[in-house]
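Undergrad: Work the whole structure out from these sequences, hints included.
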Amino acid sequence: NAGVTQTPKFQVLKTGQSMTLQCAQDMNHEYMSWYRQDPGMGLRLIHYSVGAGITDQGEVPNGYNVSRSTTEDFPLRLLSAAPSQTSVYFCASSYSGRETSAYNEQFFGPGTRLTVL
Amino acid sequence: GNSVTQMEGPVTLSEEAFLTINCTYTATGYPSLFWYVQYPGEGLQLLLKATKADDKGSNKGFEATYRKETTSFHLEKGSVQVSDSAVYFCALSDRNTGKLIFGQGTTLQVKP
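Residue numbers (the working numbering), protein chains in the order written: chain A, 1 to 117; chain B, 1 to 112.
I should point out that these hints are in silico values taken from the structure, not numbers from a laboratory.
Here the structure is a predicted model, which is why all the values come from computation and not from measurement.
Positions of the beta carbon are idealized from the N, C-alpha and C atoms, including for glycine.
It is possible that some hints are incorrect.
To be verified - Quick list of the computed label-pair ranges, beta carbon to beta carbon:
#, chain 1, residue 1, chain 2, residue 2, range
1, B, T70, A, A82, 17 to 27 Å
2, B, P40, A, D26, 17 to 27 Å
3, B, N2, A, P39, 42 to 52 Å
4, B, R67, A, G16, 43 to 53 Å
TA: The structure is reproduced here in structure tokens:
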């Protein structure tokens, strides 16, 4: 199994540009999520999904869109990039987002380092 | 709301020293508690977890005990190695939604 994969590893954007960060998992996990990591702030949840066709907002959703058309893929879209979105983005997945999810390990991808100029 | 507070870093230790990284939480209900580790240039990996009060999670020589009375989940290791140098994150999982709430992370540097 490849686990959780993310592309690209690095990206530089200009203010106002749009792009999609890709995330895929091959573990048949129902629950997928996106976090951003900023110095001194830990990881903050952007959006999450408990299954195909179902998404919800996390702690910091503004400026980001997601969709979940398949179990495997959970892309994150930046609609109009801003310097405040400069961060490292992590995708994660776990077996279930429902009642047993509290007990389940989340598996993280290697991250995408995004710089917005 | 739910939150996690970790001790400030960085923490610098000599090899074979004893490690404690403090973690306290605020939560409604009974969350599950986790320690994740992030090695340089990598994503987070689960180090250990505890799902109910008085549970002890352990892995790779690290331990943490779920203390409901003090709302704490301190990470300990009796003898650290240079290879333990990493960022350590304490986290809780909301039992209803499965969302993870992270502390700010503590950087550990172990010198030979």
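Undergrad: Within 42 to 52 Å: is that where the Cβ-Cβ distance between B/N2 and A/P39 falls?
TA: Once the Cβ atoms are compared, 22 Å apart, the range 42 to 52 Å for A/P39 and B/N2 is violated.
Undergrad: Does 17 to 27 Å hold as the CB distance between B/T70 and A/A82, or does it fail?
TA: violated, 41 Å
Undergrad: Using the beta carbons of B/P40 and A/D26, state whether their distance is inside 17 to 27 Å or not.
TA: holds, 25 Å
Undergrad: Would you say the C-beta atoms of B/R67 and A/G16 sit inside 43 to 53 Å of each other?
TA: Because 49 Å falls inside the window, the suggested range holds.
Taken one by one, the earlier hints fail for this structure at numbers 1 and 3, listed in ascending order.
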